[in-house]
Amino acid sequence: MGTSFFTPLSWSDSGFILTGVLNTVTISLVAILVGTLLGLAVGFFRAEANKFTNTLLGAVLDILRSVPLIIQLILFSTYIGAVGHPLDPFVTGSIVLSLYTMAFMSEVFRGGFESVHQSMVTAARSLGMSYWQTVAHIRLPIGLRAVFPSWLGVALSVIKDSALVSVIGYMELLRTSEQLISRTQQPLEILIGVGLFYFIVSYPLSLYGKYVERKMAI
Amino acid sequence: MIQIQNVHKSFGDLEVLKGIDLEVNRGEVVSVIGGSGSGKSTLLYCINAIEDIQQGRIIVDDIDVHAKGTNRDKLRQKLGMVFQQWNSFPHLTVLENASLAPRIVLKLSKKEAIEVAKKELNHVGLGDKLDEYPTRMSGGQQQRLAIARALAMRPDYMLFDEVTSALDPELVGEVLDTLRMLRDDGMTMICVTHEIAFAREVSDKVAFFHQGIIEEIGPPEQVIVNPQREATQKFLSKVLH
Ligand SMILES: Nc1ncnc2c1ncn2[C@@H]1O[C@H](COP(=O)(O)OP(=O)(O)OP(=O)(O)O)[C@@H](O)[C@H]1O
Ligand SMILES: [Mg+2]
Chain A
2 MGTSFFTPLS WSDSGFILTG VLNTVTISLV AILVGTLLGL AVGFFRAEAN
52 KFTNTLLGAV LDILRSVPLI IQLILFSTYI GAVGHPLDPF VTGSIVLSLY
102 TMAFMSEVFR GGFESVHQSM VTAARSLGMS YWQTVAHIRL PIGLRAVFPS
152 WLGVALSVIK DSALVSVIGY MELLRTSEQL ISRTQQPLEI LIGVGLFYFI
202 VSYPLSLYGK YVERKMAI
Chain B
132 MIQIQNVHKS FGDLEVLKGI DLEVNRGEVV SVIGGSGSGK STLLYCINAI
182 EDIQQGRIIV DDIDVHAKGT NRDKLRQKLG MVFQQWNSFP HLTVLENASL
232 APRIVLKLSK KEAIEVAKKE LNHVGLGDKL DEYPTRMSGG QQQRLAIARA
282 LAMRPDYMLF DEVTSALDPE LVGEVLDTLR MLRDDGMTMI CVTHEIAFAR
332 EVSDKVAFFH QGIIEEIGPP EQVIVNPQRE ATQKFLSKVL H
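Chains A and B are the protein sequences, given in the same order.
Here our numbering is used: the first residue of the first sequence is 2, the next is one more, and so on.
Here our numbering is used: the first residue of the second sequence is 132, the next is one more, and so on.
FYI, nobody ran anything at the bench for these hints, they're computed from the structure.
Since we're looking at a predicted model, the values are computed, not measured.
Incorrect hints may have been included.
Facing chain B, from chain A, some residues (calculated, C-beta under 7 Å) [claimed, not checked]:
(1) VAL68
(2) ILE71
(3) GLN73
(4) LEU76
(5) GLY85
(6) GLN119
(7) MET121
(8) ALA124
(9) GLN134
(10) THR135
(11) PRO142
Note that the Cβ used here is the ideal one computed from N, Cα and C, for glycine as well.
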């Protein structure tokens, strides 16, 4: 051991970094998947529900959307710990991030369902299609296509927001890099590398979203 | 046969149909004319069980349309309907538009459904557009697609609700030609229309709707050429001049 407590970044750290990358990807995919499925159900329910139910449900979703994610994460993990059921940071993070995602996705899908006019639905029903056949073959495919760019936008922001799960101790990419920084004292290289990762994942997808949007506008 | 007996229909406090009686026999073409808001569309929606009624009965063949036990999806298979707005399914090709319902409602095999759909599409002159997406077609073509889509369900009756009203004038003719063709095929039809000349030409019976009742009904030579009621005369002089 030399004079320094710090050791520079080296190839032997790549396994550690890769774990961080994989954890970021995992929790993002979980939140996008669960958030999309729940959001689809809630969005459909809202498109069908009466005004009273909608106002009530809307208020709950508004809370999820307006309270900063970082506060939700800390609140939830502290509360779960306080009532004596501490959960693994991955589980806590997945639950909070999924619900947060759901709140945004539900609005996206609701808009999609509502973009399919009643007259289109009536036309389908007049052909003898049942309620659920109309949902599956007409409302869902037309609605989903209409909102794909918005869906992609929410999914991309989830990938970025997943960095916040680091505050409750989940070893995703940001927390991994924080630990590397405190060991190596090379914040510039490491943070630029992390930033680059998010950029490389997000940018092509957002370009694709814009492309689809342009194509649909024609 | 469609039998409409003393049908009353309200939306909230607004009584739109105030006791409608009408019979449509197999092979007959009945045109419904009348002013805006007189309840013409509403009657078609009631026949198709898209709307409920408050009083009276509608019988299609032996089915009491609004009875509790009636399977409305099944009933609608007998009744093709085409609307003012064509409502093409934008995510499906022309062929898929016309073969979807035969496949999922009538449970035909994919091959059979395509065959039926192709036949009807050829019939309305869209045989060369099978793989086209409807949003790229004219209103007249899309309306003919809507007709073929309904016909592919092999309905016994066709209900038309002002199917030419949303079309550019130069496209009206091709859709009316399609209706003429159906009449010649012997299809039983109820046509709500503002095309008085067309109604006169194709109809066995013309019903004039006025404020929720049938003010006058009879052969076109009577109702259109020589109307007996003052309201009918007024209406016709307004739309014909
Ligand atoms: N779903 C509804 N809810 C409330 N009122 C309705 C509804 N549908 C129709 N109405 C009203 O019922 C009346 C009759 O409407 P309907 O559409 O049957 O008239 P119409 O004879 O087809 O007129 P048009 O020639 O303009 O199509 C109108 O006053 C209309 O505003
Ligand atoms: Mg109408």
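The hints, checked one at a time:
no.	hint	in the structure
1	VAL68	violated (37 Å)
2	ILE71	violated (40 Å)
3	GLN73	violated (37 Å)
4	LEU76	violated (42 Å)
5	GLY85	violated (51 Å)
6	GLN119	violated (10 Å)
7	MET121	holds (5 Å)
8	ALA124	holds (4 Å)
9	GLN134	holds (6 Å)
10	THR135	violated (10 Å)
11	PRO142	holds (5 Å)
Against the hints set out earlier in the document, violations occur for numbers 1, 2, 3, 4, 5, 6, 10.
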